[in-house]
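A.B. asks: Residue-level listing of the chains:
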Amino acid sequence: MTPLVQLRQATKRFPNGRGGLHTAIRDVDLDIGAGEFVAVVGPTGCGKSTTLSLISGLQPPSAGTVTVGGDQVQGIPGGVGYMFQSDAMLPWRSVLANVAAGPVWRGLGKDEARRRARDWIARVGLDGFENYYMHQLSGGMRKRVALAQTLVNEPSILLMDEPFSALDVQTRALMQQELLRLWAGSGAAVVFVTHDLEEAIVLADRVVVMTASPARVKATFDVRLTRPREVEDLRTTTGFIEIYREIWSSLSAEVDIARKGQTRAA
Amino acid sequence: MPLETATPVPAAAAGEHDDLAAVRAARRRHRATVWGLRVLVLIVVFGSWELLSTYYIDPFYYSKPSLIAQRLGEWFTDGTSKGSIWVNLSATLQEAIYGFALGSVLGVVLGILFGRARLLAEVLSPFIQALNAVPRIVLAALFIIWFGLGMESKIATALVLVFFPVFFNAFQGAREVDRTFVDNARILGASRFQVLTSIVVPSATSWILASLHTAFGFALIGAIVGEYAGADKGIGLLISTAQGTFDAAGIYAGMILSTALALLAEVILGALERRLLRWRPPSQSAGAIGI
Ligand SMILES: Nc1ncnc2c1ncn2[C@@H]1O[C@H](COP(=O)(O)OP(=O)(O)OP(=O)(O)O)[C@@H](O)[C@H]1O
Ligand SMILES: [Mg+2]
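Protein chains in written order, with UniProt numbering: chain A, 1 to 266; chain B, 1 to 291.
Do not rely on the hints blindly, as some may be mistaken.
[As the list claims (entries may be wrong)] Which residues of chain B face chain A? A few of them, derived with a C-beta cut under 8 Å, are:
#1 30
#2 33
#3 36
#4 61
#5 187
#6 188
#7 189
#8 190
#9 202
#10 279
Simulated from the structure, these hints should not be mistaken for lab results.
Glycine included, C-beta positions come from ideal geometry on N, C-alpha and C.
Could you build all of it, start to finish, from the sequences and the hints given here?
C.D. replies: This is the structure:
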């Protein structure tokens, strides 16, 4: 059986602004099974966001293939949800209208869309904030809105691009725990991009390490920690520390390469 | 349970009431000061004009506030040489409003269309720049030949003056739409049309509203210049009649009336803007972008 998401030799090049081409990712092979939680880590600028944009269908690959549910990706595949790295909530809409947007655009009646939106707003812990505008919310609350907006469409593939990286440590742990709670039983596959190796291990079934730019998949590590997990407690267990060491030895080499590349460019 | 207990902000507690009252009182005092100073500015300007033209300069050429007030009084009580003042005012206002409405609808629709259709914009932009460079006020004369002395020619003049600033702002607004908003909407299931109505138009709204402020002023200018070029009623006609009889006070009186109309429109547009942009953080909504 083909996996839910499959990248084969996927390559993406962008015009680099000097008349040439910049290869963001090269020959990426990646399989993601239904219901699987996969974290992707790699040095900054290596091409993690680009990988997600290929899966989402927002960008076509320059070479290679991307399939979702066995079909070649053309346009946006059904069942994909995407939490972007930058803020994507509409500032002129209330929390409720932002969360209800997806169902309304998908043709659900306004009342039904609002009912579902209210339900999800409550589930992400924002009860009572339905009529607030984005500038009236804290950073963590905005991420909750984004989460509700994505999950209300009940995606079978959830792409998340460093969703919690702008949050303080406590809020981040809180959001990680909630993500696990909301994901459990949803049956959705998650591709979670992050800089933070701890976060990757705490959340995922599998951690994919990417090389410095242009990104390829360097190695994949299975995280055999039992679920349900308590993110705060997990960090200090020996199982966690062991796998952290193992993955870090692979990742740190790439981070060093990326750092040297940057100092040379500067 | 590790859930963050997020509760809505409670209403101001008892202790905060005094602070709130103090802040309000300070704000009231500040407003009173500002308005007081504004009135003072008016008194100084008109007072010195009155004194100067009474003792030093010739009021026949430069007129003076008391004469202007007298002329305005005549117009409103006895009517003007061109009929009731209300007929003239409403003619100008109607022409400006029609020209404003047509010009801004056209500007918004075409601006957004061009902003989203890259090829169209690229092909036609030199022509639009050229049209924009035409001294459009001269068209008033042409429109009188085309449409006659009635309202249509003034509406057309107002329209062409309104169209360009609105068009350019709508165009810019539609171009500057945040890419992430569009991508996010597409992922969430929005069709192309839904992206246009739910993302592009609201994004461009603050740009468009900024241009509408100046646009109503242009509409009034268009109507008045059109009337000045040839009409059977309107403020422009009153001004040109006053000019013909060397009635400086009449010209000033016409100016004051058109200024009053422009200020009225500004108040209405300001209220509309506040209503449409109420989602903005308070500090931002004050500074509108010009054209
Ligand atoms: N639309 C684009 N046009 C041109 N170049 C692009 C575009 N998108 C990405 N790139 C380039 O591709 C490379 C990878 O970018 P990408 O955003 O995928 O990195 P990333 O791994 O997500 O980085 P970060 O961790 O900092 O978010 C970068 O060098 C970037 O400049
Ligand atoms: Mg990124």
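A.B. asks: Now look at each hint and say whether the structure bears it out.
C.D. replies: The hints, checked one at a time:
Because the smallest distance between the Cβ of residue 30/B and any Cβ of chain A comes to about 25 Å, over 8 Å, the interface hint for this residue is violated. Residue-level restraint check for residue 33/B is violated (minimum Cβ-Cβ distance to chain A is 30 Å; threshold 8 Å). Residue-level restraint check for residue 36/B is violated (minimum Cβ-Cβ distance to chain A is 34 Å; threshold 8 Å). Residue-level restraint check for residue 61/B is violated (minimum Cβ-Cβ distance to chain A is 53 Å; threshold 8 Å).
Restraint check, residue 187/B versus chain A: the minimum CB separation of about 5 Å is within 8 Å; hint holds. Interface restraint check: residue 188/B against chain A, minimum CB-CB distance 4 Å, threshold 8 Å, status holds. The closest approach between the C-beta of residue 189/B and any C-beta of chain A is roughly 4 Å, which is under the 8 Å cut-off, so the hint is satisfied. Given hint, residue 190/B at the interface with chain A, holds; its Cβ is 4 Å from that chain's nearest Cβ, closer than 8 Å.
Against a cut-off of 8 Å between C-beta atoms, the interface hint on residue 202/B holds, since the closest Cβ of chain A lies about 5 Å away. Satisfaction of the interface hint for residue 279/B is found here, the shortest Cβ-Cβ separation to chain A being roughly 4 Å, below the 8 Å cut-off.
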